[in-house]
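K.L.:
Using the sequences plus the hints, can you model the full thing?
There are 2 protein chains.
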Amino acid sequence: MRWPPPRRRYEPPSSITRFPIPLSWKEKDITIVVDAMGGDYAPGVVVQGAVDAIAESSGRVSVILVGRQQAIESELRKHAPGGGEANIAGTLRVVHADEIIEMHDAPNSALKSKKNSSIAVGLALHRDGKADAFASAGNTGAVLSASTLILGRIKGIGRPTIGALFPTAKHTPCLLLDAGANVDCRARHLYEFGLMGSAYVAAMFGTRHPAVGLLSIGEEETKGNEVTLEAFKMLKEGPLHFVGNVEGRDILRGGVDVVVCDGFVGNIVLKFGESIPSFLKAKFLRYASRGPREKLVALLARGGLRSVMQEMDYQEAGGVPLLGVNGVSIIGHGGSSARAIKNMIFLAEKTVVQDVNGKIQDSLHGSRNGEE
Amino acid sequence: MRWPPPRRRYEPPSSITRFPIPLSWKEKDITIVVDAMGGDYAPGVVVQGAVDAIAESSGRVSVILVGRQQAIESELRKHAPGGGEANIAGTLRVVHADEIIEMHDAPNSALKSKKNSSIAVGLALHRDGKADAFASAGNTGAVLSASTLILGRIKGIGRPTIGALFPTAKHTPCLLLDAGANVDCRARHLYEFGLMGSAYVAAMFGTRHPAVGLLSIGEEETKGNEVTLEAFKMLKEGPLHFVGNVEGRDILRGGVDVVVCDGFVGNIVLKFGESIPSFLKAKFLRYASRGPREKLVALLARGGLRSVMQEMDYQEAGGVPLLGVNGVSIIGHGGSSARAIKNMIFLAEKTVVQDVNGKIQDSLHGSRNGEE
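Same order as they appear, the protein sequences are chains A and B.
With the working numbering, the residue at position 20 of the first sequence is 20, and numbering never jumps.
With the working numbering, the residue at position 255 of the second sequence is 255, and numbering never jumps.
Source of the hints: derived by calculation from the structure; they are not laboratory data.
Any given hint might turn out to be false.
[What the hints assert, rightly or not] In silico DSS-like links for lysine-lysine, alpha-carbon gap of 30 Å or less:
1. A/223 with B/112
2. B/78 with A/223
3. A/112 with A/155
4. B/233 with A/112
5. A/223 with B/115
6. A/170 with A/114
7. B/170 with A/281
8. A/281 with A/170
9. B/281 with B/170
10. B/223 with A/112
11. A/114 with A/78
12. B/223 with A/170
13. B/295 with A/115
14. B/223 with B/236
15. A/295 with B/295
16. A/295 with A/281
17. A/223 with A/170
[Claimed, not checked] Cβ-to-Cβ under 7 Å is the rule here; a few derived chain B residues that face chain A:
18. 102
19. 247
20. 265
21. 268
22. 301
In this text the structure is predicted, and so the values were computed from the model without any measurement.
Even for Gly, the Cβ is constructed at its ideal location relative to N, Cα and C.
P.N.:
Right, dumping it as structure tokens:
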């Protein structure tokens with residue numbers, strides 16, 4: 001793993017509006033264009049998260065905030081007043097986009113009717129080389145569709161996919177994909193998810209020969225549904241370190257780096273997993289209410305539980321990678337806090353620095369089944 | 001809820017072998033035929049669990065253990081020696097069946113080649129009225145197939161289903177079905193799962209008008225895969241209290257009594273859920289290893305964590321009901337301990353007493369879509 005990132009020259013965009021507080025624009029290593037209107041608490045937490053990311057990265061990361069200029073600037077005055085300006089000097093710009101794709105909008109029709117949405121404008125900036133990556137905590141379906149449409153697909157990939165990282169009982173996380181992008185999949189798509197996931201894990205975590213499993217309902221080759229039975233054969237014949245079928249329990253158990261499934265199953269497992277912390281919190285509260293002794297135990301345990309839960313918290317991961325598009329597009333959680341937005345920006349940065357897409361392409365070329 | 005059960009006359013079977021320790025056979029309320037050879041630790045834990053169930057129920061429950069007589073009797077001598085005999089007097093019998101369907105056997109071919117398996121013999125005893133229910137911690141697929149074959153289906157049900165109970169953040173559990181019996185389902189089957197699940201929850205937990213949700217990837221009616229989109233319409237038009245699509249997070253959150261999905265998704269979610277306790281244990285151990293302060297916190301928290309985890313433990317639930325067959329067939333977890341076996345027997349008892357099948361039939365007759 002190359003970390004910190006190697007320096008790379010940034011070409012400042014000429015067409016974008018300058019943040020009106022007089023800042024000198026500095027040439028940065030990595031520029032992330034962030035959808036300022038995306039997420040349940042936008043633009044407030046997005047602006048805060050961007051300011052925090054810049055501060056925490058000591059200016060290693062530049063951010064272009066895309067959205068309603070007035071709203072963004074009003075937030076910027078709140079979040080980076082006085083001394084704050086110095087921290088973001090030359091590293092934060094605003095590009096105006098007057099339309100917003102809401103969380104409840106139907107992705108494809110919204111993309112058609114709202115040509116000037118923050119998502120579309122932001123992705124176009126990335127496509128045109130004004131930024132190295134795009135990140136949004138907005139409407140997942142819209143980000144997925146717009147990314148595929150505006151950035152295009154990597155040659156050889158039929159369906160871009162969204163992955164999700166799960167913590168495991170071991171030291172390495174488990175990348176589950178597809179986590180919701182592709183509901184009805186063919187075996188071919190599952191095979192591609194395996195290729196992309198393996199390349200991602202190798203690039204981002206430095207894992208050599210990631211173990212790739214196919215999510216099914218039994219370890220035997222004969223167990224599964226029609227699609228997984230066919231995908232099993234393809235994965236077995238492919239170039240990956242394929243460990244065969246894995247079951248629901250193998251995700252948190254660890255040891256399998258990449259778990260492949262269709263987006264219907266993946267999304268359900270992802271959301272089920274995300275609900276564990278609040279479930280446990282409710283259970284501990286009930287336990288604490290049993291009596292003073294239990295209350296004391298629960299109080300003492302709080303720190304440990306919080307520490308353990310932190311790993312399961314999507315706010316920490318910041319977002320999920322959209323793999324298979326010609327560019328870097330990171331999708332944050334709709335309920336993202338400022339911390340989640342900050343982490344989403346760092347995730348975008350790392351995805352750029354580690355050249356995930358280059359590694360996906362290498363993997364496709366190395367694949368016996370990699371031709372369309 | 002009628003609990004404890006009303007008295008019901010038991011007809012002692014004439015053809016079954018008596019347990020050789022001289023016991024006087026008493027007429028009991030409920031007789032459960034238990035597959036003594038089913039489960040990873042059979043027959044030891046099964047015999048122990050049966051003895052414990054009889055002792056704990058104060059003779060309310062009788063058990064017929066089916067399997068290799070010598071092995072069972074040898075275990076009985078271990079588990080119920082001397083004083084133990086008094087506890088099981090007249091409440092435990094052994095029926096010999098010389099074949100065993102192993103956990104790894106392919107269900108259908110094993111049923112054909114092993115006509116005299118403990119599963120087949122046990123189910124035949126139940127079918128012939130020698131017992132009120134059958135329970136096994138053995139090969140799930142074999143129990144499912146044999147139950148459908150030997151007991152037959154309830155008229156109007158296309159596919160018997162296996163449900164799984166999840167604990168929730170609220171006070172009521174969530175019944176997820178199908179949990180693995182039917183991998184590729186049609187909409188019609190999902191609809192039937194809803195009917196059966198609703199009847200089960202109403203009968204077993206006394207829930208009035210159970211809330212039934214369809215597991216999908218978004219709450220909107222338009223979200224889902226081909227099968228769930230069609231099932232949505234059927235459930236919406238049916239007689240159930242259908243609350244629409246639910247997501248992965250709604251299972252542990254509580255509030256939805258019955259969650260319907262195909263067996264592929266359900267089995268993956270079930271096994272994922274089952275892996276949470278050992279995941280958390282591993283995380284707490286790692287937390288404890290950070291230093292003496294953390295170790296102390298983890299030690300103090302242990303009781304609380306264990307108490308919370310207990311609810312998530314499949315050993316507590318004892319097993320999952322197989323719904324839609326003409327009889328009561330309970331499937332225990334392969335890794336069942338003696339405690340799990342005991343609880344499996346009690347679950348079978350309650351399923352009989354609460355007349356779950358009668359309520360499924362009532363529900364089918366009340367259903368506008370209930371005709372085949």
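K.L.:
Going through the earlier hints one by one, which of them does the structure break, listed in rising order?
P.N.:
2, 6, 12, 13 and 18
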